[in-house]
Amino acid sequence: MDSSTQLHHFHGGLHLEGHKKISSQSAITPCKPQKLYVVPVQQHIGAAGEIIVEKGQHVLKGQMLATTKILLSAPVHSPVSGTVVDIGKHAVPHPSGMEADCIIIENDFQDEWVARKPVAENYHQMNSHDLRNIVRNAGIVGLGGAVFPAAIKQTETNIHTLILNGVECEPYITCDDRLMQERAREIISGADIIGHIIKARECIIAIEDNKPEAIAAMQVAIDEDDTGFFQIKVIPTKYPSGSERQLIKIITGKEVPINSLPADIDVLCHNVGTAYAIHQAVFKDEPLISRIVTITGNGVKQPQNMEVPIGSYIADCIAQCGGYSDNASCMIVGGPMMGYSIHSDQVPVVKASNCLLVTSNDEIYPANTEAHLPCIRCAKCVEVCPAKLLPQQIYWYASTQNFERVTEYHLFDCIECGCCSYVCPSQIPLVQYYRSAKSKIWEMEADQKKSNNARKRHEARQHRLDEQKREREERLRQKREMLNSKKGKTEENEIDVKKAAIAEALARVKQKKETQAIQPKNTDNLNAEQQRQIEEADQRRKAMKREHDE
Amino acid sequence: MLFRKASSPFISAQASVHSIMYQVLYALIPGTLAAIYFFGWGVLINLILAATVCLLSEALVLKLRNRPVEAALKDGSALITACLLALALPPLVPWWLTVIASIFAIVIAKQLYGGLGFNLFNPAMVGYIVVMISFPREMTFWTPPLGAVDHWLSFSDTLRVIFQGALPDQSTIDSITMATPMDTLKTQIALENDIASTRSHKVYGAVFSDISGKGWEWINLLFLLSGLWMIKRKIIDWRIPTSFLLTLLLIANFFSVVDYATYPSALFHLFSGGTMLCAFFIATDPVSACTTPRGRWIYGAGIGVLVYTIRTWGGYPDGIAFAIVLMNMAVPLLDYYTQPKTYGKTEVE
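Read top to bottom, the protein sequences are chains A and B.
Reading the first sequence from the start, the letters are residues 0 to 549 in numbering that gives the first Met the number 0.
Reading the second sequence from the start, the letters are residues 0 to 348 in numbering that gives the first Met the number 0.
Treat the hints with care, since some could be wrong.
Said to hold, decoys possible - Output of the computed footprint for chain A on chain B, the stretches with three or more beta carbons under 8 angstroms from beta carbons of chain A:
| # | segment |
| --- | --- |
| 1 | 115-127 |
| 2 | 283-296 |
Stated by the list, open to error - Partner residues are not named here, just some residues of chain B that face chain A (Cβ under 10 angstroms, in silico):
| # | residue |
| --- | --- |
| 3 | PRO8 |
| 4 | ALA14 |
| 5 | SER15 |
| 6 | VAL16 |
| 7 | LEU145 |
| 8 | GLN163 |
| 9 | ALA165 |
| 10 | GLU191 |
| 11 | LYS231 |
| 12 | LYS233 |
| 13 | TYR342 |
| 14 | LYS344 |
Worth flagging that the hints you see were computed from the coordinates, not collected in a lab.
Beta carbons are placed, not taken as given, at the ideal position from N, Cα and C, and that holds for glycine.
Bound conformation, chain B alone:
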C-alpha cells in the first residue's frame, strides 16, 4: 500500500487537448481535399508550406521561451492554424507571402501573447489580415475553379509560379488567375451591373454555379458536414455556428428580398467564400471565442452582422478575418456581462 497523495476528483474523463485538436484536423480533411480538387495544387503547396513554417516558428519561439517544445508541437494547434491560413490564402500567392502570414500568426498573434490558451485573437486570421492589407494584389491570385476554364496548371507549373514567380509559356498572371465569385459580384455591382447579368456573363460568369460559385458550394458543403460531425462529437459548441449562420441568413435574405438585383441571395452567402469554414472552424476556436452560453449567441451573431456588412459595403470581397478579429476584441466584455445566473440567484417568492 502506497498511500499516494492526490486531490479530488480522483477520476477523470480522460479528455485531452491533443484529441480535440486532432479531431478538428480530421474534420478539415474533406473540405481541404475538395479545395485542392477545385483550385489546384496551389492549395496543397500552401498547406505544406504554412504547416512547415508554423511548426518551425512555434518550435523556435518555445525554445526561446524555455518551454517544452515537443508537447506543444504535438498538441496540433499550430497545424490547425496552418490549415486555416492555407485555406484562406489564394492558391497562387508567392511563397514568401505564406511564410510572412504563418510567422505572423504563430509568433506575434499566438506566442507573444503567451502561447496556446492565451492569445486574444485567432492567430490564422491575424496572419491573413497582415498579408491582406500589405499585399492586396497578390491576395487576388485565385485560380479559376475546375470547370470554369479549359487550362489547368500542372503541379510543376504551380510550384514555379509560387516559388519563382515564373509563369507558364504564353500566359500572364491575369490569364492563370481569376476573381472569386464574391469579388466578381462586388466589382460588377459597383459598376452597376445587376447580379443576373453578371452571373450569365460569358467571361466572368464562368465562376458562378446555380447556388454560389463553382467549387465553393462543394467546399462549403463539406465543411458544413464536418462541422455537424464535430458538434455531434461535442468538439465544438453548437451555438456559435448556429447564431452566425442564422444571422447571416436572415440579413442576406432581408436585403435580397428587398432588392434581388444588387443583393445576392442568402444561399449564395452561406455557400460562398469562407462562410462554413468560419462557422465551424474559425469562429469556434475556443481560445479566442466567448465561453458563456449567452455570450456565444451574441458572438456568433456579431460575426454574422460584420461578415455581411464587410462583404456588402466594405472594401474587401470577404470579411471573415476582420469580423472574427473585431469580435475577438469584444470577448472579455461579453464573457463578463453574460455570466449565467448562478444556482440560487433567484429570489424567494
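Only chain A is shown next, with the shape it has when bound in the complex:
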C-alpha cells in the first residue's frame, strides 16, 4: 500500500462556504456547572446498556451509570458528583422529538471524582486486549458523529494504516479545529495508543487546508515524536472529505468495498476527538463524560466552542453563549448538511453532539418540501454524488414507490450527505425522499420477515397436521386391510361349503336317478330269457346314457 505521498480524489463533492470564522476564533471554554444533568442510557450505535444505579443513590463524577455485556454497546458515566434523582423517559435530541431512557443527576457541586488508576505510560507494556477494555469501559464512541463504539473498531490487529480524521468538512463546525489547536499533544498520544492496540505501521493525520493553525499545532506535536509513525496530510477543502469512506479514498486511493469495513483493506479511521478521549482514558482514567461542542450560527449571541459535560441541557449551553438572538429560527444538531433540527432546547448534549447550529431566518434555506419543481434531469446531482449514484433516477423511482428499481439503482449506498439536494435547481428535498424510501423498504423487509415467519410457522403446522392425518389414515387403512383379509377368508369358506353341499345334493340326485333309471319296467313274471334280454337292454341304455353324459 502506498499512502506516503500522493493524494487521491473521490467523485463529486462540493466546495461550500465554510462559515467557520463565526466560532473558530474563540478558545474552548468550559461549560459552567449546572444543577441537573440528563444522561441518556443509549448514546451510541448498538444496544442500550443496563442501568446499575438506583434512584436516590449518590454517585461520583466518572462513576459508571449503565454497563453492558453486549459487544456492540458502550457504558455511560456520571458527568458530575451528585444524586440520581430520577431514572426514566426524558426527551433526547432526535428529529422526531422522541423520549428515551435517561438517568437524571442532581449536581452536588462537590466535583468529587470516583477513584482513578490511570495506566499512563505503562500502556506500552499492555496487550491490545487490556487496552481495548480501558477504551471500552470509558464509554468511548466515535466522536465525529457516528458514535460507533470505538473499541469494536480496534478488534482488528495488524491494520497497516491508522487515519486520524481531523478533516471537519461540514460548514460551521470547528470543535475538532479548536481541539487540534489546543490539545494536539493529547491527540497524538491518543493516536499512539490506538496505533499500539491495532499494531498500525503508520498514522496519517488528515486535515483540510482551511485549518492552518490546527495543522501547525499538530505538526509541532508530531515533531516531538521521533519514530516517524505520524504524518500529516493536508487535503483540499471539499465536502464530504471527512466522511470515512471518502477520506480513505483520498488518503489511500482505495475504495472500501461495499459490505466491507475499512479494516478489510487494512485501514482504520478515528476522529481526532476520539483519540483525545482515549488519551484521557488511559492517562487520567477519565471516562467520556464531556466533549467539545461548537455552538454557532447567527441565531446565538456569542458563538464559541465549549467543553460540555455529557448530559448538560442545550438550553444551559445556549444561555452561557449569551442566549438566542432576536432572529433565531432553527436549532440544528450537527452541521447544516447532515444535521437535524430539534423542537426544543430542553434536551441534553450527548456524545454525538458535535455542533449546535442556531440559524437566523435568512441564514438557511430549507428546501420547500411541499412545492418543489419537477426534476428536469439536469444530472447536477450525478456530478456531485460522492457515492457515484444516479440521484435523479433514485428520486424518480422513490417518488413513484417503485422500491425494486430504487434498490437496483443502489439506494442503500447513499450516505445522505446532502450534496444532491444542495445543487438541485428544482429544490427537491432528495435526501428526504431517500430516507423515506429506505425506511419504507426496511419496514417492508421487516413485514416480509414477519410474514415469512408466519408462513413458515403455518406451513410447519400444516405439515404436522398433514403428517398426523396421513399417519392416522395409514393406521386406519392397515386396520381395514387386516379386517378385510379376515372377512375374505370366511367368505371363501362359505362358498366352499355351499359348493360342497350342492355337489353332494347333485350326487345324491344322480345316484337316485341312476338307481331309479335301472329299475326294470314290466318286470313282473319274466322268464330267464326275458330277464336276461331286459338286463342286456338296460345295460346298453346305461352305456349309451353314459356315453351321452360324457
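Following the hints, put chain B in place on chain A, whose structure we already have.
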C-alpha cells in the same frame, strides 16, 4: 427562538430551473439575430407566433390539469421550445403550420406526458416532425440568404405571405423561396452532379459559401460560441455536444475523403443546417437526454450517426429532428445500462 422544523441539508446552492432556462434563452439570442439578419423577417414573425401559441397552449392545458399556471409559464421552458421550433421552421411557412407545430409540441409532446420533466421526447422536435411529414411542400419555403439574390422581402410583404398566402406582385412562391444548401446538394447529387459543379452553378450555387452556405455558417458559428458559453457556466453538459460533433466530424470526414465529389466535407456538415443548434440546444435538453456520463457519450454519438445517415441517405435534407427523437427513445435503456460503478464496487485485491 422559533424551533422551525426542517430537514437536511439546510443550505442550498440556490440554483433554479428558471435561471437555467433563461440562460439558455439568452444564449439563443445571437444565433437568432443572425438568422433574422440572413433569412429575413419571417424568422422573427415565426418566433413571435410560436412563442404566443406555445405560452397560450401551455397555460390552457395547465388550467385544465388544475396546475399552477403562472409558475410554469415563468420557468421559460415553453419559450425555449418556441424558439427551437421557430428556428427550425422555414421563414415563410404559412401561419397555421407554425400554430399546428407549436400546439403539437406543447400539448401532445409535453403536457400530455405530464408537463416539464416528464416528456420522453423533445417537444420542439416532435412538433417539427409532425409538420415535416404532413406538409412537406410548405416545409421548403426557405428564403434565400442575404447576398444570394437581389430581392429582399419587406416586413409587410413577409407578413402577407405568412398570414394571407399573398405573394408580392410579379412573383411566384418559387421566386421568393430557395432551397437550402443541404437540400440543393442532396437533389444535385441524386441527379449525379458532383459537389464542385453544384457549388459553382450560377443559379443554385448562390446559396453556398466557402465553408457551407451563406448565412448558415454564421448562424452555426454563433450557436457554437453560445454553446461554449453555456458549457463554461455549467448550464449544459459538455459530453453530448462533444460526442455528437466529434462523431459527425469523423463520419463526414471519412466519406468525403473516400469520395469528395459526392460526400460534402466535415466542415460543411458541422456548419450547415441545424448542426450547432442541435449540438448545444436540442440534444442537450436535459429532460429528454441521457443523464449518466457514459450514456451521454453514447447518446451524442447516436445522434451524430443518425444525423449523417439521414442527411446522406435518407429522404429529408436535414435529419436532426428524427435523430433526436429516435435517440430520445433509447434514453431509458441507456440510463439503465450505463449506471456508473458506485463507490466500493471494486473488489478487494
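Exercise for the section: Run the structure past the numbered hints and jot down the numbers of the failing ones, going up. Expected result: Structure breaks hints 7, 8, 9, 10, 11.
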